[in-house]
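Chemist: Line order of the protein sequences matches chains A, B, C and D.
Quick note: the first sequence uses the numbering used here, first residue 1, plus one each step.
Quick note: the second sequence uses the numbering used here, first residue 1001, plus one each step.
Quick note: the third sequence uses the numbering used here, first residue 2001, plus one each step.
Quick note: the fourth sequence uses the numbering used here, first residue 3001, plus one each step.
Note that these hints are calculated values from the structure, not bench results.
Watch out, some of these pointers could steer you wrong.
[Claimed, not checked] Heads up, simulated SDA-like pairs for lysine to any residue below, C-alpha to C-alpha not over 20 Å straight-line: (1) D:LYS3105 / D:ILE3152; (2) D:LYS3035 / D:HIS3096; (3) D:LYS3105 / D:GLY3022; (4) D:LYS3143 / B:ALA1018; (5) D:LYS3105 / D:ARG3155; (6) D:LYS3015 / B:ARG1059; (7) D:LYS3135 / C:HIS2119; (8) C:LYS2035 / D:ALA3030; (9) B:LYS1010 / B:ALA1030; (10) D:LYS3035 / C:GLY2107; (11) D:LYS3035 / C:GLU2108; (12) A:LYS10 / C:ARG2071; (13) D:LYS3143 / C:HIS2119; (14) C:LYS2105 / D:ALA3030; (15) C:LYS2143 / C:ARG2155; (16) D:LYS3035 / C:ASP2025; (17) D:LYS3143 / D:LEU3101; (18) D:LYS3035 / C:GLU2063; (19) D:LYS3035 / D:VAL3020; (20) B:LYS1010 / B:HIS1058; (21) C:LYS2035 / D:LYS3105; (22) D:LYS3135 / D:ARG3155.
The structure displayed is predicted, hence computed values, not measured ones.
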Amino acid sequence: MRRTIFEPMKVLLFGLIAERAGTPTLELSAASTNELKVRLAEHIEGLAALTYAIAVDHRMVIGNMPLNGHEEVAVLPPFAGG
Amino acid sequence: MRRTIFEPMKVLLFGLIAERAGTPTLELSAASTNELKVRLAEHIEGLAALTYAIAVDHRMVIGNMPLNGHEEVAVLPPFAGG
Amino acid sequence: MMPTIRMNDVKTHRKRDIFVEGPIDPAFIAGSIAKHATRTDIGAHEIFLGQVRADVIDGRTVEAIEYSTYRDMALERMTAIREEAFTKWPGMTCLHVHHSLGTIKAGELCFMVFASAPHRQSAREAVAWVVDRIKADLPIFGKEIVEGGGHIWKRNT
Amino acid sequence: MMPTIRMNDVKTHRKRDIFVEGPIDPAFIAGSIAKHATRTDIGAHEIFLGQVRADVIDGRTVEAIEYSTYRDMALERMTAIREEAFTKWPGMTCLHVHHSLGTIKAGELCFMVFASAPHRQSAREAVAWVVDRIKADLPIFGKEIVEGGGHIWKRNT
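Generate the whole structure from the sequences, applying the supplied hints.
Modeler: This is the structure in C-alpha cells:
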C-alpha cells in the first residue's frame, strides 16, 4: 500500500532542534529524508545554520532515504552524552 | 673509613626468601652483592633454585655492586602486588 | 520463527535501562562494587565516572547540565554496544552502564561505565571503548546552564 | 642547602602511605569519590580495583592472599611513580593509590588506583600506566592460601 506524500507523519525533535521549533514533535509530509529536510527548514527558523542528523527507526541516515510514513523519524542535534 | 668484610651487616629478607631462611633478617659479611649471594646460599637451603633480586638502599641491583656495610640491603623474591 | 538462543543471552541481550533521574550517588557505586564480592572469578574492576565540570564559556561559569535523551534509540544503540563489547572481550564478566537525565550540578556524577573481568586488560580496554562509543553514538543531549540563567547546548567533539 | 621548591610540590612530593591493613571497603571508595565533588574542574574519574580471585592451582582453590611488603622501598618507589605520572599527565588533578596488607579473602578488594582529570584521556592513561608500574616495581609479596591450609607464593608475570 503506497502512501501519498500528503499524509502527514509525526517527526520527533530533540534538544536544540526542539527548542528552536518550540515543540518536541512536528506533523510533516515527506516522501524522503531530503524532502523532510526542506519541510523542516520551512518550520524551524535558522535550521540551515544548525548541525543535525535524521534518524529513521533509530538508525542514523547517511545521504537520502525514501520514507513510507510508517517509520519512526527523529531530528537529532549533536550528541552530548557522558 | 674502609670496613673489613668481617664486620657483619644486617640483610632484610622477604616473602618466600624469609620463609626459606626461617627468619626476616640475617647478619652476614660481604664486600659486594656477588659475595652476598654466595653467603646467602650458605645460609638458605635451595636458594639457587629460587628467583630473587638484591636491593641496595631501595634500588634493585643489576650485576655486581660493592658494599661498604652502611647500605640497607634486602633480598627480594618476585613481586606480587596488585 | 524462534530466535536463535546463544549461550550468553542472559548477560548480553537484555535491553536494560541505563538512565537514572538525577546525579549518580557515590553510595550507589559502592553498592555496585560490593555486589561483585560473590564473583570470585573476577580479578579486576575498571570504572569510568563522568563528572559535570564548571567550565567557563564566554566568561560565564557552567552551573549544571540538563540531560535529555531519545530513549528508545539510545537503549537500542546501547544494547548493540554491549553485545559488541562482549564479543570483543569475551573474558569480560560484567558491564554496567548508567547515565543521568535531568539537571546535574557541577561536581556531581552523570555517567558510569563499570567493567569486571578475571584480568585487567579486558576490563580496561572494554571501559575505554564503551565510554567512547556511548559519547559518539547515543542520542543524549546536554544543555549547559550558565550563571545568570542562560544556556549553551553541549556537543561532544 | 634548601631544596628547590616546585609548584606542584604539594600534590606530588609527599611520601604517602598507600598501605592499609585488610581489604579495601567499597564504602571507603565511595567516600573517596564523594570528596571530589568540590573539585569542579574535574570531568573524568578512572578507577582500577584489584579483587582477590579464587584461582584453582593444582586442583586446590585459593581462599585468600596474605600480602606483605618491604614498606620503605615500596613507598619510595611509589613516590617516584607518582611524580613521573604527574610529569607524563600534567593535566591530572589527583591520583590516589591504596594497597592492602594482611589476609585478603577471595572476592575482597586489595588494590585501588584512582585518577581524576578534566578530560578522560589523562585519567585513563595514567591509571593504566600506574597500575602496571605498581605491579612491576613495588616490592609487595603475596602468599596464596589454598583450601586445606597450604600456600603458594604468588608472582606477577
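Chemist: Hint by hint, say whether it matches the structure.
Modeler: These are the hints, each one checked on the structure:
1. Taken as a hint, the LYS3105 (chain D) and ILE3152 (chain D) pair is honoured in the structure, with Cα atoms around 15 Å apart against an allowance of 20 Å.
2. About 12 Å separates the Cα atoms of LYS3035 (chain D) and HIS3096 (chain D), which keeps this hinted pair within 20 Å; it holds.
3. A C-alpha spacing of about 9 Å is found between LYS3105 (chain D) and GLY3022 (chain D), which places the hinted pair at or below 20 Å, so the restraint holds.
4. Distance restraint check for LYS3143 (chain D) and ALA1018 (chain B): the Cα-Cα separation of roughly 12 Å lies within the 20 Å cut-off, and the hinted pair is therefore satisfied.
5. At roughly 18 Å between alpha-carbon atoms, LYS3105 (chain D) and ARG3155 (chain D) fall within 20 Å of each other, so this suggested pair holds.
6. A C-alpha spacing of about 17 Å is found between LYS3015 (chain D) and ARG1059 (chain B), which places the hinted pair at or below 20 Å, so the restraint holds.
7. Taken as a hint, the LYS3135 (chain D) and HIS2119 (chain C) pair is honoured in the structure, with Cα atoms around 13 Å apart against an allowance of 20 Å.
8. Taking the CA atoms of LYS2035 (chain C) and ALA3030 (chain D), the gap is near 14 Å; set against the 20 Å cutoff, the hint holds.
9. Between LYS1010 (chain B) and ALA1030 (chain B) the CA atoms are separated by roughly 11 Å; this keeps the pair inside 20 Å, and the hint holds.
10. For the hint pairing LYS3035 (chain D) with GLY2107 (chain C), the CA-to-CA distance comes to about 10 Å; that is within 20 Å, so the pair holds.
11. Of the supplied pair hints, the one linking LYS3035 (chain D) and GLU2108 (chain C) holds, its CA atoms being roughly 11 Å apart against a limit of 20 Å.
12. Between LYS10 (chain A) and ARG2071 (chain C) the alpha-carbon distance is near 17 Å, which keeps this suggested pair within the 20 Å criterion.
13. Taking the CA atoms of LYS3143 (chain D) and HIS2119 (chain C), the gap is about 19 Å. The hint holds against a cut of 20 Å.
14. For the proposed pair LYS2105 (chain C) and ALA3030 (chain D), the alpha carbon gap of about 18 Å is at most 20 Å, so the pair holds.
15. For the given pair, LYS2143 (chain C) sits about 9 Å from ARG2155 (chain C) by alpha-carbon distance, which is consistent with the 20 Å threshold.
16. For the given pair, LYS3035 (chain D) sits about 12 Å from ASP2025 (chain C) by alpha-carbon distance, which is consistent with the 20 Å threshold.
17. Note on LYS3143 (chain D) and LEU3101 (chain D): the hinted pairing holds, with a Cα-Cα distance of about 11 Å set against a maximum of 20 Å.
18. For the proposed pair LYS3035 (chain D) and GLU2063 (chain C), the alpha carbon gap of about 18 Å is at most 20 Å, so the pair holds.
19. Between LYS3035 (chain D) and VAL3020 (chain D) the alpha-carbon distance is near 19 Å, which keeps this suggested pair within the 20 Å criterion.
20. Simply put, LYS1010 (chain B) and HIS1058 (chain B) have alpha-carbon atoms about 14 Å apart, close enough for the 20 Å limit, and the pair holds.
21. In summary, the hint linking LYS2035 (chain C) to LYS3105 (chain D) is supported, as the alpha carbons are separated by about 15 Å, within the 20 Å threshold.
22. Between LYS3135 (chain D) and ARG3155 (chain D) the CA atoms are separated by roughly 10 Å; this keeps the pair inside 20 Å, and the hint holds.
Violated hints for the displayed structure: none, as all numbered hints are satisfied.
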